[in-house]
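Modelling step: build the complete structure from the supplied sequences, incorporating the hints.
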Amino acid sequence: MSSTSRPLAISTVQIENELVRVTEWRFPPGTSTGFHRHAHDYVVVPMTTAQLRILTATGEMTGDLVLGQAYFRSAGVEHEVVNDNPFDVVFVETELLTTGDGAALEGQGGQP
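So the sequence shown is numbered by our numbering: it starts at 1 and just counts up by one.
Some hints could be false.
[Stated by the list, open to error] Here are the simulated distance ranges between beta carbons: (1) Asp88 <-> Glu60: 30 to 36 Å; (2) Thr49 <-> Thr98: 30 to 36 Å; (3) Leu67 <-> Pro28: 14 to 20 Å; (4) Thr98 <-> Arg6: 31 to 37 Å; (5) Asn85 <-> Leu19: 28 to 34 Å; (6) Ile15 <-> Glu60: 28 to 34 Å; (7) Ile10 <-> Ser74: 23 to 29 Å; (8) Gly30 <-> Met61: 17 to 23 Å; (9) Thr58 <-> Thr12: 29 to 35 Å; (10) Thr62 <-> Asn17: 32 to 38 Å; (11) Gln51 <-> Glu18: 30 to 36 Å; (12) Gly34 <-> Ala70: 22 to 28 Å; (13) Pro86 <-> Glu18: 16 to 22 Å.
No lab work stands behind these hints, which were simulated from the structure alone.
As the structure is a prediction and not an experimental result, all values here were calculated from the model.
Ideal Cβ placement from N, Cα and C applies to all residues, glycine included.
Below, the structure is given as structure tokens:
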């Protein structure tokens, strides 16, 4: 699972309001998110084509990012994302903080 010896990726919140939180995630080589649970549904738009290592409580997998090809994940995802590439990897994550009817979703925070 998580390794505390890895430096953390750099997160920069670009927009945050009652509806969404948009965060740029920049992963220099060897960095990770640390193990975390997503409290909200979210959409990721890769700014880099790359593979990232995904560590979960039950194992390890590879996540394929393709420049400009967005993907959606539901709240509850638990993982650590690691950049083993020799180059920076960047994506923009948009967390959906409300439902379609404008009601706030439960939970706070979240990481990729």
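Checked hints:
As the Cβ distance of Asp88 to Glu60 is approximately 22 Å, the hint placing it in 30 to 36 Å is violated. Restraint check, Thr49 to Thr98: a C-beta distance of roughly 31 Å satisfies the suggested window 30 to 36 Å. Taking the beta carbon of each, Leu67 and Pro28 are about 18 Å apart, inside 14 to 20 Å as hinted. As the Cβ distance of Thr98 to Arg6 is approximately 33 Å, the hint placing it in 31 to 37 Å holds.
Asn85 and Leu19 have their C-beta atoms about 33 Å apart, which keeps the hinted 28 to 34 Å range intact. Between Ile15 and Glu60 the Cβ separation comes to about 32 Å, which falls inside the hinted range of 28 to 34 Å. A C-beta distance of roughly 25 Å is found between Ile10 and Ser74, which places it inside the suggested range of 23 to 29 Å. In this structure the hint that Gly30 and Met61 lie 17 to 23 Å apart at CB holds, the actual value being about 19 Å.
At roughly 31 Å, the beta carbons of Thr58 and Thr12 sit within the given window of 29 to 35 Å. Taking 32 to 38 Å as the suggested C-beta distance range, the pair Thr62 and Asn17 conforms, at roughly 34 Å. Roughly 35 Å separates the CB atoms of Gln51 and Glu18, a value that falls within the hinted 30 to 36 Å. Between Gly34 and Ala70 the Cβ separation comes to about 24 Å, which falls inside the hinted range of 22 to 28 Å.
The hint said 16 to 22 Å for the Cβ distance between Pro86 and Glu18, and at roughly 40 Å that hint is violated.
Of the hints listed earlier, those the structure fails to meet are numbers 1, 13, in rising order.
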